[in-house]
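Please assemble the complex out of the two chains, which come individually in their own frames, going by the hints.
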Amino acid sequence: MMHDSDIAESFQNAVAEAAARAQPVQIVGGGSKVFYGREPEGAPLSVGGHRGVVSYEPTELVITARSGTPLADIESVLAERGQTLAFEPPHFGPSATLGGTIACGLSGPRRPYVGAARDFVLGMRIINGSGAALKFGGQVMKNVAGYDVSRLMVGALGTLGVLTEVSLRVAPRPRLERTLAWEVSAGDAIAKMNEWAGQPLPLSAAAHADGVLRVRLSGSPSGVEAAGRRLGGEEPDDGEDFWRRLREHDLPFFALPGTLWRISLPAGQPPLDLQGSWLIDWGGAQRWLKTETQALPVRREAAARGGHATQFRGGERTAAVFHELPAPLMTLHRNVKRAFDPKGILNPGRLYAEL
Amino acid sequence: MNASQQAVERTSSDVDVRDLAAVLRDSLPAYSVLVESDERRPYECDGLTAVRELPLLVALPETVEQVQHVLRTCCQRGVPVVARGAGTGLSGGALPLADGVLLSLAKFNRILGVDPVNRTARVQPGVRNLAISEAVSHLGLYYAPDPSSQIACSIGGNVAENAGGLHCLKYGLTVHNVLEVKIVTVEGERITIGAQALDAPGYDLLALMHGSEGLLGVIVEVTVKLLPKPEAAKVLMASFDDVEVASDAVAAIIASGIIPGGLEMMDNPAIRAAEDFAHAGYPLEAEAILLCELDGTPEEVDEQIEVVERVLRTHGATAIHTARDDAERLRLWSGRKSAFPAVGRISPDYYCMDGTIPRRRLGEVLRRIGELSKTYELRIANVFHAGDGNLHPLILYDANQPGELERAEACGGKILEACVEAGGTITGEHGVGVEKIDQMCVQFGGAELEQFHALKRAFDARGLLNPGKAVPTLHRCAELGRMHVHGGQLPFPELERF
Numbered sequence: 160m161m162h163d164s165d166i167a168e169s170f171q172n173a174v175a176e177a178a179a180r181a182q183p184v185q186i187v188g189g190g191s192k193v194f195y196g197r198e199p200e201g202a203p204l205s206v207g208g209h210r211g212v213v214s215y216e217p218t219e220l221v222i223t224a225r226s227g228t229p230l231a232d233i234e235s236v237l238a239e240r241g242q243t244l245a246f247e248p249p250h251f252g253p254s255a256t257l258g259g260t261i262a263c264g265l266s267g268p269r270r271p272y273v274g275a276a277r278d279f280v281l282g283m284r285i286i287n288g289s290g291a292a293l294k295f296g297g298q299v300m301k302n303v304a305g306y307d308v309s310r311l312m313v314g315a316l317g318t319l320g321v322l323t324e325v326s327l328r329v330a331p332r333p334r335l336e337r338t339l340a341w342e343v344s345a346g347d348a349i350a351k352m353n354e355w356a357g358q359p360l361p362l363s364a365a366a367h368a369d370g371v372l373r374v375r376l377s378g379s380p381s382g383v384e385a386a387g388r389r390l391g392g393e394e395p396d397d398g399e400d401f402w403r404r405l406r407e408h409d410l411p412f413f414a415l416p417g418t419l420w421r422i423s424l425p426a427g428q429p430p431l432d433l434q435g436s437w438l439i440d441w442g443g444a445q446r447w448l449k450t451e452t453q454a455l456p457v458r459r460e461a462a463a464r465g466g467h468a469t470q471f472r473g474g475e476r477t478a479a480v481f482h483e484l485p486a487p488l489m490t491l492h493r494n495v496k497r498a499f500d501p502k503g504i505l506n507p508g509r510l511y512a513e514l
Numbered sequence: 000m001n002a003s004q005q006a007v008e009r010t011s012s013d014v015d016v017r018d019l020a021a022v023l024r025d026s027l028p029a030y031s032v033l034v035e036s037d038e039r040r041p042y043e044c045d046g047l048t049a050v051r052e053l054p055l056l057v058a059l060p061e062t063v064e065q066v067q068h069v070l071r072t073c074c075q076r077g078v079p080v081v082a083r084g085a086g087t088g089l090s091g092g093a094l095p096l097a098d099g100v101l102l103s104l105a106k107f108n109r110i111l112g113v114d115p116v117n118r119t120a121r122v123q124p125g126v127r128n129l130a131i132s133e134a135v136s137h138l139g140l141y142y143a144p145d146p147s148s149q150i151a152c153s154i155g156g157n158v159a160e161n162a163g164g165l166h167c168l169k170y171g172l173t174v175h176n177v178l179e180v181k182i183v184t185v186e187g188e189r190i191t192i193g194a195q196a197l198d199a200p201g202y203d204l205l206a207l208m209h210g211s212e213g214l215l216g217v218i219v220e221v222t223v224k225l226l227p228k229p230e231a232a233k234v235l236m237a238s239f240d241d242v243e244v245a246s247d248a249v250a251a252i253i254a255s256g257i258i259p260g261g262l263e264m265m266d267n268p269a270i271r272a273a274e275d276f277a278h279a280g281y282p283l284e285a286e287a288i289l290l291c292e293l294d295g296t297p298e299e300v301d302e303q304i305e306v307v308e309r310v311l312r313t314h315g316a317t318a319i320h321t322a323r324d325d326a327e328r329l330r331l332w333s334g335r336k337s338a339f340p341a342v343g344r345i346s347p348d349y350y351c352m353d354g355t356i357p358r359r360r361l362g363e364v365l366r367r368i369g370e371l372s373k374t375y376e377l378r379i380a381n382v383f384h385a386g387d388g389n390l391h392p393l394i395l396y397d398a399n400q401p402g403e404l405e406r407a408e409a410c411g412g413k414i415l416e417a418c419v420e421a422g423g424t425i426t427g428e429h430g431v432g433v434e435k436i437d438q439m440c441v442q443f444g445g446a447e448l449e450q451f452h453a454l455k456r457a458f459d460a461r462g463l464l465n466p467g468k469a470v471p472t473l474h475r476c477a478e479l480g481r482m483h484v485h486g487g488q489l490p491f492p493e494l495e496r497f
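Chains U and P are the protein sequences, given in the same order. Using my numbering, you'd call the opening residue of the first sequence number 160 and step up by one each time. Using my numbering, you'd call the opening residue of the second sequence number 0 and step up by one each time.
Isolated chain P, as found in the complex (with noise of 0.2 Å):
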């Protein structure tokens, strides 16, 4: 983790920021070009707010044409830049750097075009990733991935971030629901990548884009998919004594042959702050909630109910309940989508997780995340996308008392590194950016870093793009690696490193 105390790896110039400034100016407005600090402060981090830095300036052009003249006006004079959507994202990947550009997308929020008959939307970074699903409702269509900041956060970011949601088991993350970007590259040139069809020819560009966490271009314009709105919708909960039952549950609804819409876990500390927070109707006692959402055509969700009652009954569920209406299932989906905010009520601050594992090794690694809050004297209140094996424990702490934030990194990074040791990922939806950056020498070796170099090389060849985050020098991963045997604390040094 380290993120407080994160390095920045890169030679940095010297910069007039007056004179960079009047060069913007040649092509965006003035007051689009900012300059003073407390101008430049809301500007000072992303949704990962335990780490801040003021950019040298910000520019938040309005036209694809401002956006490549920021582009080249940098590059040429080496300036990093650093673009930034709604600045929701959970890993610091919009981080400013103190030496670079701060490039605002927030200015491009319009729906460019829907197509009804082909169903796609054109639409520009800054669209809100609900705003997309609301402008076509009226057609019966909606856009698929629904990451839990739907409301804030932008479909560049979605795509920069490969964003994920709570539907992603059945309908995909956002590389499967984006057709085509427009891109600008740090040279400031305009690419088209992917197509309005369902493949381009050449290498899969479009898929690298998803997740390069703005490293590898500037997004300007995304063609999304639309998808037809599901007739019916129905949910289920089910309550466990054991939270291990009940992954062994998750299990045996996907061996049935059913893809639910959603099923999402919950364990008792969680249930307890989202009860608490948005009187679902969550059963207090329980060890484990399971919420089980199928959708379809009206006849296949009776159908695909009825065997998923079965298959919990039949699989350890001490209560099963479905809701009655669509009242009652938005009321039992609130209380999980609440979950954060719900469990930041009941503890000063809290940290985010986001590792992704094989979900039968789910028991262990709970176990190892429950000696981790013990030995770390945290609370942790986990909640999971159980479908798709994609954990978020919420590590709570309080950054007032001096030395929790560190010690809540600290243990951050080893449930991280738990996941790995499980065949798992340090990240699932959220990114790598600076949070987890440390985390990426754990689960790649030097070669595969090396080659996620080359690759930025080919599109960035300076390195002006978001430098330092992401990816790890291998300077920066022998220092920790070194750092860590100090320590005598070198993660899993027998571990296969993928």
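Chain U with its partners taken away, still in its complex shape (with noise of 0.2 Å):
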């Protein structure tokens, strides 16, 4: 662990200098999702350096801490008092930052069933494309006061800002969790899991991989074991090491060739009618896609089956890599774009080519 350090306002004068010459930023943390989104561009602001705990109250379920903390680290904080992260987020690397994780606004296999990155996020100090420091929403779990900027930051990119201290709020690791699993087709598994989720069973992870329906329980021990004798199927041996895998991408389906796209749809949508090999997450509603096909058919039946495509990981990122937007949707985005960051110096490009 290296040191904690405030350097928030080294920041502030990069970013106002930067806009001041309408000179784009690149926002660089520990580079471990350096492959997300479109070719970054402009002159690297590192902002890992920025780093610590700031609080951390476990009976009030909140931690702060500057982005710049290496996600392991509030992990490993939280795990000393039996607490956790709910979603679950993807590390991609042993360098991942809590201001990286929460700008990708990416969710682990647990999202359908406890919320995404965004769901918990209670507030954040941004640094605007002005350069002014600003503190929005706060360290409690119900705050109306003012527009929800926090979670606008999320997933944005670094787009709006930059972020240098973010409140989430944290969950009990629950007491007991338990892996069951089917060898079942991926229709009759996509079935299976939406069928289950629609009753009140202490699900916490459901995914088709490699013609095995997976399904995590988690919750008190007799609870999980009702629910499980319930449910029946086998317990497989990796267990919860399946679920880590699957959430760091480290699975052998990852490594097969061709570009990752990543396919939000309704959880329950049949398989769709793509040639690649697929696993499903999410309890359907996250599908990974292996594929030498061309974007627009993916994207095309993404969005015929009420959901979109993302090129996660490969491809060509200079063209778009994220879903197209209806074009009175993209003029929005552009206003919203323009009244954080007039200049358009914070990652431009990143996210589309127009913000």
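Quick caveat, the hints were computed from the structure, so don't treat them as lab data. Just so you know, not all the hints are guaranteed correct.
Distance condition first, Cα-Cα at most 20 Å in a straight line; then the derived DMTMM-like pairs of lysine to aspartate or glutamate [to be verified]:
hint, chain 1, residue 1, chain 2, residue 2
1, P, K224, U, D278
2, U, K351, P, D114
3, P, K224, P, E133
4, U, K502, P, E449
5, P, K169, U, E216
6, P, K169, U, E176
All values derive from a computational prediction rather than experimental measurement.
Structure follows, in structure tokens:
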């Protein structure tokens, strides 16, 4: 663990100077998600040195930390008190920081059952594109004073502000987790996952990979055991390890050749008619596709099924990576970008070429 | 506060009402455009009844096309528009403007579709919160956020205010339970925000719409998430002879790793009022009671009830009682849910506050509220969403006594400032509206307020949607600051403003 350090003021100066010269800035944390989004451009602004837990009150279920704090440090601080980040964020490497995690807004297998990264954000300090240091939200669960700028920052890939401090709601670690497995087709797995999600079961993950449906149950020991008896299935050897490897894209599926697409869909949609290899996560709501297929048919099929497609890893990154927005919505996006970053200097083009 | 002396900060335009009504009637049926003062009267206030204003005109569209026509027409003519759902809001968010159109979404009251496989419901904004759960009950599903007004409040308003409820510690606020909204922009354009999937590409404008109080767009459709109804629920009631001991017991429950479905605290004045009204079986001598509901599978609930009982016993509870059956469970809740009307019975008027604080500061904030009660010579009863730190002090007053309303408002303002000083917020779930607009100057600095205004302009460049609400002008804050300095009572000048 490196020493705590508060260097937010230096970022403020750097952004203000860049704004004065209309010089694009590329925000760099731990570099673990540099593969994500469109090709970065601009002079690097390294924020990884701005680190340390500012406050942590386990009985209030809130942690506040500087954005450069390694995600692993946050998780180990929480684990000491039997708590966790319930949205199970992927690290994609040991250098992952809190700021990068929130700026990317990615969530792990637990997401459909407990909520996404944005659902756990309570407050934030940011530096906007004019170099103003701002604070929104706070450390309390319920707060409707002013617009919810903190949540707006989640997944914005640093295009609206440099995140300097984040307050997150944390959760108690489940007392028991158990994984169950069945050999079934993708179609049957999707039907089962959605049937069970409509019942009062302590589900915390459901995925279909390599012809095997896996479900994780989490909670109090007696509740998990009772649910396990009800569902049946086998207990696989790789149990919890499978979910970690799924979260980190460390399963053999992710090493297959081709571009990795993330397709977000209404969970109950039957399997998609696209060439390639599939892995279904989030109880059917997040589908991973490894394919050599062109972008257009992938996006078309995702949209036709009520969802959207992201070119998650690999492929051409100077073109569109995220799903195209309808024109009026893009106009709104441009206006929002201008409201935070009038000179367009923060991570320009990382999310969309227009932003 | 100063809600009673709310000044409109906007350049108003001269509008010919009859001309405007005629243009609106090009698209809306004649009976959906109200211009006579007795027809407009029912819309003069929302749940914040102390502040009233007659709107210029009331429009009651029935279709999205009609909403678009209203907005396009108003936008062209520079007429402000205030959207209104069921009008149950407590902060004056739907307070009309004398020179503006009041756009009622009351006729948008249909459930458009229920998808049992994906566990979603697509509803119009005027659908009542409770009606959603009732409509999907046969599927074993429900819509989780349950504000106390759920019988009457509508889902569009719930989104606009990011409504909470008794169970949001475990199940989240409105923002955690909505997948998609369709809005009409100030220019009359339809935009879909969010998705039928769990996420949508681009900025999280869906989160931004929640709690935006009708300043960014008019919501014309909402897709909500539905959850499976928990199989079992049990509630236990613990008594304490000290509110701070009760607060520490709440912290101990959370520290034990359990997130109760509901966790509510009431102080003695609230207990007495509620018991007198609802006969819930509350102990009248207790300084505080805690209602703790555990839900889930029957096995889980039994296991957790045991843990919670043990925690409460070792943390100073003077008595613990678990409801024997569902009837008693509902009776215990009925007292809490009727706390507001119960207080309404022991006082001609009451003023409900909505601060949120880090729970560990509860003791000092309650002491401060006690002092303010003495200073302003007004009784105060406290009900508290203890799990999430959301405090509802109810200030009792009599509007017929000269000066009492003003005293209640001043006292309320001080309570909110105490919440900010304790590291909390001026509003947890009721919104800013016109009611707390001055306290926004205490919670936020000029740079944040400027950012809010820039964001508003991104959606509504001319400031026609619900102007004067939610976010104060810098000018207003400056004026107020001077006012307070002249009075020698600038609230907490040493404070970091967040």
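Hints, one by one, checked against the model:
With a C-alpha separation of about 14 Å, the suggested pairing of P:K224 with U:D278 holds against the 20 Å cut-off. Between U:K351 and P:D114 the alpha-carbon distance is near 16 Å, which keeps this suggested pair within the 20 Å criterion. The hinted pair formed by P:K224 and P:E133 meets the criterion: a straight-line CA distance of about 14 Å does not exceed 20 Å. Between the alpha carbons of U:K502 and P:E449 the distance comes to roughly 17 Å, so the proposed pair stays at or under 20 Å and holds.
Straight-line distance between C-alpha atoms of P:K169 and U:E216 comes to about 18 Å, which keeps the hinted pair within the 20 Å bound. A distance of roughly 44 Å separates the Cα atoms of P:K169 and U:E176; the hinted pair therefore is violated under the 20 Å criterion.
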